[in-house]
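Please model the entire structure based on the sequences and the hints provided.
Note that the protein sequences, when read in sequence, are chains A and B. Residues 4 to 321 in this note's numbering are what the first sequence spells out, letter by letter. Residues 1302 to 1581 in this note's numbering are what the second sequence spells out, letter by letter.
Take these hints with a grain of salt, some might be off.
Cut-off 30 Å, straight-line C-alpha distance, at most; resulting in silico cross-link-like pairs (DSSO-like, lysine-lysine) [said to hold, decoys possible]:
id, chain 1, residue 1, chain 2, residue 2
1, A, K52, B, K1468
2, A, K14, A, K236
3, B, K1435, A, K52
4, A, K52, B, K1534
5, A, K52, B, K1359
6, B, K1353, B, K1435
7, B, K1532, A, K52
8, A, K218, A, K245
9, B, K1517, B, K1349
10, A, K302, A, K176
Keep in mind that the hints were calculated from the coordinates and are not lab data.
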Amino acid sequence: MLQDIQILNEKDTRSGFGEGILELGRTNPNVVALTADLAGSLKLNDFIKEFPDRFIQCGIAEANMIGVAAGLTIGGKIPFTTTFANFSTSRVYDQVRQSVAYSGKNVKICASHAGLTLGEDGATHQVLEDIGMMRMLPGMAVVVPCDFNQTKAATIAIAEHQGPVYLRFGRPKWPNFTAPDQKFELGKAQVLAEGSDVTIIACGHLVWIAVEAAKILAEKGISVDLINMHTIKPLDEAAILKSVGKTGCVVTAEEHQVNGGLGDAVANVLSRNNPVPHEYVAVMDTFGESGTPNQLLEKYGLNKENVVAAAEKAMARK
Amino acid sequence: MDIQKLEDIACQVRRDIVRMVHTNQSGHPGGSLGCTEYMVALYFHVMKHDPKFNMDGKGEDLFFLSNGHISPVFYSVLARSGYFPVSELGTFRNINSRLQGHPATHEHLPGVRIASGSLGQGMSVAAGAALAKKLNGDDRMVYSLHGDGELQEGQNWEAIMFAAHHKVDNLVAAIDVNGQQIDGPTNVVMNLGSIKAKFEAFGWIVLELPEGNDMKAVIDMLELAKQHCGKAKPVCILMHTVMGKGVDFMEGTHEWHGIAPNDKQLALAKEQLKETLGDY
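Encoded structure:
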C-alpha cells in the first residue's frame, strides 16, 4: 500500500482550489467568489471569466470582505472568500468570530499561502497560527488538504457542508499523489498505509513528507500507520484511537506552530482517551523568515529526517 | 399608520426599554431611547417584513443593527411587531434567554439576522445582504443603523468605499448622530469632523435629518431616502437624535450610555412614559 503511493505530477494546491471553484461555478448557481486584491494568486481568473457577475472584488480590505460574505449568506448565497491565510485569519479574527462563526453563517474562508512554504515574503506573511485560531471557534470546520487533487475535491465538497469552513492551502508546486477522481469526505481521516509500530498523522504539505518518512522507516523494518488528517475539525477521533490502539505511539506533522494546531488537536483526543507517547513535528514556537520553501522546511525541521527521528523517539518511549 | 399611533407605540417601546434595563440593572438605555422613533417608523410603517421570520428574507426589506448595544429598542420593536411574545422582554440579559445582551442569532431569536456588538461590522454585512438581493433579482431594500462614535472603527470606511464602488443603491444606512460616546462627547473623544463630507467624498447620497426624534420627520426622511435609491449610489441618513430621549434626567448625556435606572429613577421614568399598549 505504501509502495503504491507515487507522485503523479507537481502542482500547487491553490491551483486545485482554482479548478474546484470553477467547477462549483458551473454546478452551483449560489456560489459566489470574493477576493481582497488577490484574484490571481488564488487562481480565480477562470472563474471570473466565466462568472463575472458572481465575482466580488473587495480591494485591500479583508475585514469588510468577511462582513460582506456574512451578509451574502442572508439570501442564500454561498460566499467563498479568498486571500492569503494570514489575512484570512489573524487580520480579521473578530470579524470571523462575530459575523461568521457566532452568527452561524455559511461562509467558506479559503486561504492560500499558508505556512513557511509561502517562502521569500517572510514571516509577516507566513501565518503559522491559523489552524489554532480557527479550530478554537465553535462551529468552524477546518480543512487542510494535502495536494492539488485533494484541494480541488475539498473545495467542491465544502460547498455542500452547511456552516462556516476554513480551507487552508499553499503556494508552491508540491507532489500531487492522491486520486484525481476522489470524493472528499469532511471529517473522515484518510488512511494512506496500515502498520503496527507507529502512527504518523499529518496534514497539508507535510503529508507527502510523512509518506517519504514512512518509506524510509519501512526500509528499516518499521511499519507505519499513516493518516492524512485533512480535516482538523471536526476531528476523526475514532480513526486516531483505532490507530494508536494498534501502534501505541504517534507522531504528528504539520506546517504550523507546535501550539494549537493538528498536534494539539490529536493530543487532546489522546489525553482524554488513551495517553500514548506523542512526538511533534512542527514549528517550535518561533516565527519564520525569508527563503525558498525547501530551505525553510529544512531549517525549521519540517523534513522527512525529522519525522523519522520523531517516530523512533516515540517508539522508544513506549 | 397615522402619526399618533406610531407615537403611542414609541412611548410604550421607551417604557419597555427602561423596564428591561432596570430588571437586571444592566443594558444600554441612552442610545435605545434616542433611536426609538427610527426603529418604530421602520418596523411599523416603512418596511415590508414578515414576523413569521425567515432568515433569508427574500421579498422582504431587511434591517441590520450595527451598534448592537442598543438591543433593548431592537427587542422591544421586534416583540411589539409580533416576532416573539412581548412577555419574553422580561428575560432580557437573563441566563437561558434568547434576548442576549447584544443581538445574536445563536439562540435563534426571530428577527435577528446577524450578531452585533463588537462595533463596526454591520455596514459590511448590510452591504453584502443588499448585494445578495441584487443577485437574486429581489427589489426590496436593506436598512441599517450605526452609532456616530462607531464610525471611528475603520471597517466602516472599508464598507462605505465598497458600497459606493459596487453601486449598492438598495442600501439606506442611518447614522445615529447623538454626539455622545462612552468616554464623553464624540468631538472630544475622537472628532469625526464632517461625517456628511466624508460620506459624500466616498460617493454616497447623504440626507440630513435634524429632528431624529420627531416621528413625522423620521417617516418623511425614510420615504425621501427610498426615492433616492436605485440611482447607483448608497444612501446615508445623518439622523440627529437626543441620547436618552423621553426621560428628562437621561437626555443629552453620555452618562446613561450603559447604566440602568434604580427603583426610584425607574418610577420617575415611568411617570414620563405612558403605558399605551400594555406592559409586558
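Results for each hint:
1. Simply put, K52(A) and K1468(B) have alpha-carbon atoms about 21 Å apart, close enough for the 30 Å limit, and the pair holds.
2. About 25 Å separates the Cα atoms of K14(A) and K236(A), which keeps this hinted pair within 30 Å; it holds.
3. Between the alpha carbons of K1435(B) and K52(A) the distance comes to roughly 20 Å, so the proposed pair stays at or under 30 Å and holds.
4. For a cut-off of 30 Å, the pair hint linking K52(A) to K1534(B) stands: about 26 Å separates their Cα positions.
5. With a C-alpha separation of about 28 Å, the suggested pairing of K52(A) with K1359(B) holds against the 30 Å cut-off.
6. Under the criterion of a C-alpha separation no larger than 30 Å, the hint pairing K1353(B) with K1435(B) is consistent with the structure, at around 23 Å.
7. Proximity of K1532(B) to K52(A) is assessed by CA-CA distance (about 27 Å); at most 30 Å being required, the pair is judged to hold.
8. At roughly 22 Å between alpha-carbon atoms, K218(A) and K245(A) fall within 30 Å of each other, so this suggested pair holds.
9. Between K1517(B) and K1349(B) the alpha-carbon distance is near 19 Å, which keeps this suggested pair within the 30 Å criterion.
10. Proposed proximity of K302(A) and K176(A) is supported: the alpha carbons are some 19 Å apart, at most 30 Å.
The structure fails none of the hints (numbered hints given earlier).
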